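Protein chains in written order, with the numbering used here: chain G, 1 to 369; chain R, 1 to 258.
Because the hints were derived from the structure by calculation, they are not lab data. The structure presented is a predicted model; accordingly, all values stated were derived computationally and were not measured. C-beta atoms are modelled at their ideal positions from N, C-alpha and C, and glycine is treated no differently. Just to be clear, a hint being listed does not mean it is correct.
[Said to hold, decoys possible] Derived pair list, reagent style PhoX-like, types lysine-lysine, alpha-carbon separation capped at 25 Å: (1) LYS243(G) <-> LYS197(G); (2) LYS243(G) <-> LYS247(R); (3) LYS257(R) <-> LYS243(G); (4) LYS112(G) <-> LYS172(G); (5) LYS89(G) <-> LYS247(R); (6) LYS247(R) <-> LYS197(G); (7) LYS112(G) <-> LYS124(G); (8) LYS197(G) <-> LYS230(G); (9) LYS197(G) <-> LYS218(G); (10) LYS89(G) <-> LYS62(R); (11) LYS216(G) <-> LYS197(G); (12) LYS56(R) <-> LYS89(G); (13) LYS247(R) <-> LYS62(R); (14) LYS56(R) <-> LYS28(R); (15) LYS194(G) <-> LYS243(G); (16) LYS28(R) <-> LYS78(R).
[Said to hold, decoys possible] The following residues of chain R were derived to be distant from chain G, with all beta-carbon distances above 10 Å: (17) ASP72; (18) PRO81; (19) ARG84; (20) LEU86; (21) GLU166; (22) ASP219; (23) ALA234; (24) ARG250.
[Unchecked claim] Listed below are several chain G residues computed to face chain R (Cβ distance under 7 Å; list not exhaustive): (25) LEU11; (26) ARG33; (27) PRO35; (28) ASP104; (29) VAL137; (30) LYS197; (31) ARG209; (32) LYS243.
As a plain string of letters, each chain reads:
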Amino acid sequence: MIAQNESIPRLIADFSPDRIGQLVTDRLAGSSRVPIFHASREEVPEDIVVFLLQSETTPTGFREAAARACTRFGIGVMTGITLPQEEVKRDFTDQVERWANVLDRVAPTELKPLATGLLQTALKSENISSPVLDAIVRAAIRFRLEESDAELWIQLLQREDLCAYGFNALLKIDPQNPRIVRSLLELWESRESKDWKVNAPLLTAKTIRAQGSNSKVKRGLQQLEEIKSKLHRSILSELLSSKIEILRALAAEIEMASALHRAVQGSYITSDGEEQFQETRRHSMTKHAGIRQLGYAVILGDQTGIRHTFINPTGRFSSEGLSDVRINNNPSIFQGSAVVDFEGFDSIERSHYNYFAHNGVRKNSLCHV
Amino acid sequence: MNIPATCNDWADMMRSDPDAAQVLDNVKSDSCVAAAHEQTFFQRIEASGPPADAVKAWDAAKNAVSAAGGNDLYCSGKEVPDDRFLSLVRVIKAEDAFYVVDDAYRSGAGAGTTFHDLANCLFDTLNEFVAGYDGLIGGNIGKPDGLAWVTEDSPALDALRSNGSELAGRLGLPEQLQSVVDRGMYVRVAFQREHLPEQLHVPRVLDAVGHSPFRANPDCAADHGLTYSLPGTAGTGFPEAIHRSCKVARIELTCEKA
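Extracted from the complex, chain G is given alone in its bound form (with noise of 0.2 Å):
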């Protein structure tokens, strides 16, 4: 990252505006590649370009002689895009990449009309390779993320080769948004069943952390349950597999919140539960048939499996219901565990929410079936 207010390089200090225009153009070229900020060894070309573009330290006349030169570049690689690949020349691609580089980084606001231009003439070529698409797409996407673009991204989802760039315009324009837990899942869908590349897991994890919490993802994924119970399957197996932790976390909670409703149907017992669960479940059946709409639970257990499971069937949680579920009052098994509501996380009273985090049940392992 440059650094808004770095000075202007001494070594191109003195350049006059037609003399930036030409490094700017070398640069983009591949012709010059000398490092103009701090002699250091490894100094992308493109990130002179960048600084003239963005520091606020950029003379007036330099800015605009860099951003013309990006604009001769640009209608060059529009002319380029139509050509047979035959003719274009041979370093066509990296010197496109270059170019998307800078709008990446930058997005200088003159560049928007050409940007998105050169985007629908490259959806449309017939010509064009794949690296030098994906480069333009990606030099576009800044400049399209009003909602009314969201069309177009939405086209995209159907095209393994841009479906990440899609989905991850739509989680920018709006990430609270419907489409998105539903076009999520479509991805994994086509990952699936059409063998697509799409990196699911990652786009999953960006997903969660542009809502801020994985309930939206969560609540998808157990919809997805009982439609499409191989596809869940699938999708929980990578999730557990995944070296990203939030996934993990998401597909153990999910496997918890599962796992509890089968307990509470009375289909799931664990061999180290098993006395205690069917001693809680019959107290709960004769007293308590209502416990799905009032009652909370606790599962003792963690990534690997499904220890315990109690049922508190009062309805209401109080120190009392905790004795029920504490065992050999050590607080401490209470880590790894999971606390259900089964009419929703927002009706756990914060001060039962409180007393669980207090003794030591993880925050995220609060789960809602």
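For this one, chain G is given, so just place chain R on it according to the hints.
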């Protein structure tokens, strides 16, 4: 190397800028470059014509060693012995992870990640981006310069992992140092020599014309170079070697908090 009279215009222009002048001094001080390479280098500079300014002069030198499709003057120093540099490490700016991962990983068919995304994200997001990269495909290590400068992993280097500023300073990486300070994180790129398809070489000035802080090692028999610490950093640099830019299998990418 002795600068021939036919390159006097080039040398004069290099002297007009302090960084370029330092490169020129490095060129003059390295006596370990093979005569044939030296001759080719100066012939290419002469062929580029009189430079208009220091940037053009410096570009001429850089283009002479990294001529498109050639790069034949790179890595002309001796090969690093087999028992050195078994574990290799590079430190890069956080957002430069964009350039290291394989195109397929970041593209619209993969993660759809842009440079802007990586330059503006928080640690967790960047960490997930690099953690999700399985390294089996391989990244283009050394892009865009045609060369990769690597350090030999060592306990001393490892001890600095949580002190990114000192680490970047000891490795002589001013840009990385600034980024570490600004963002409080950096990316560590590690791989094993056994997975490297290119030979490791002792750097010489022909490899370092884009890198004025480099000082030629006067010992032509030395089996490694040495990074130079930036001003303000404590301690010495680390052993250093180079290889040609290439794809390396099983890269370990980690996002580190500084």
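Query raised in the report: Under the criterion that the straight-line Cα-Cα distance not exceed 25 Å, is the pair LYS56(R), LYS89(G) satisfied?
Result: holds (24 Å)
Query raised in the report: Are all C-beta atoms of chain G more than 10 Å from that of GLU166(R)?
Result: Holds, because the least Cβ-Cβ distance between GLU166(R) and chain G comes to about 17 Å, which exceeds 10 Å.
Report task. Would you check the hint for LYS89(G) and LYS247(R), treating anything up to 25 Å between C-alpha atoms as holding? Result -> Distance ~24 Å between LYS89(G) and LYS247(R) Cα, so the pair holds.
Report task. Decide if the proposed pair is consistent with the structure: LYS243(G) and LYS247(R), CA atoms, cutoff 25 Å inclusive. Result -> Holds, because 22 Å separates the two Cα atoms, which is no more than 25 Å.
Query - Assertion that ARG250(R) lies farther than 10 Å from chain G (Cβ) - result: holds (14 Å)
**Report entry** ARG209(G) as chain R interface residue, shortest Cβ-Cβ below 7 Å
**Finding:** At about 6 Å, which falls below the 7 Å cut-off, the nearest Cβ of chain R leaves the hint on ARG209(G) intact, so it holds.
Query - Given pair status - LYS197(G), LYS216(G), alpha carbons within 25 Å - result: holds (24 Å)
Query - Outside-interface status for ALA234(R) - nearest CB in chain G farther than 10 Å - result: holds (20 Å)
**Report entry** Given hint LYS243(G) near chain R, where the shortest CB pair must fall under 7 Å
**Finding:** Holds - the Cβ of LYS243(G) comes within 7 Å of chain R, reaching about 5 Å at its closest.
Query raised in the report: Is the hinted pair LYS89(G) and LYS62(R) satisfied, with a Cα-Cα distance of at most 25 Å?
Result: Answer holds: LYS89(G) to LYS62(R) is near 22 Å, not above 25 Å.
Query raised in the report: CA of LYS194(G) to CA of LYS243(G), is that 25 Å or under?
Result: Holds. LYS194(G) to LYS243(G) sits at ~24 Å (cutoff 25 Å).
Query - Pair hint outcome, LYS257(R) versus LYS243(G) [Cα-Cα no greater than 25 Å] - result: Given that 25 Å is the threshold and the Cα spacing comes to 18 Å, the pair holds.
Violated hints are absent here; each numbered hint is respected by the structure.
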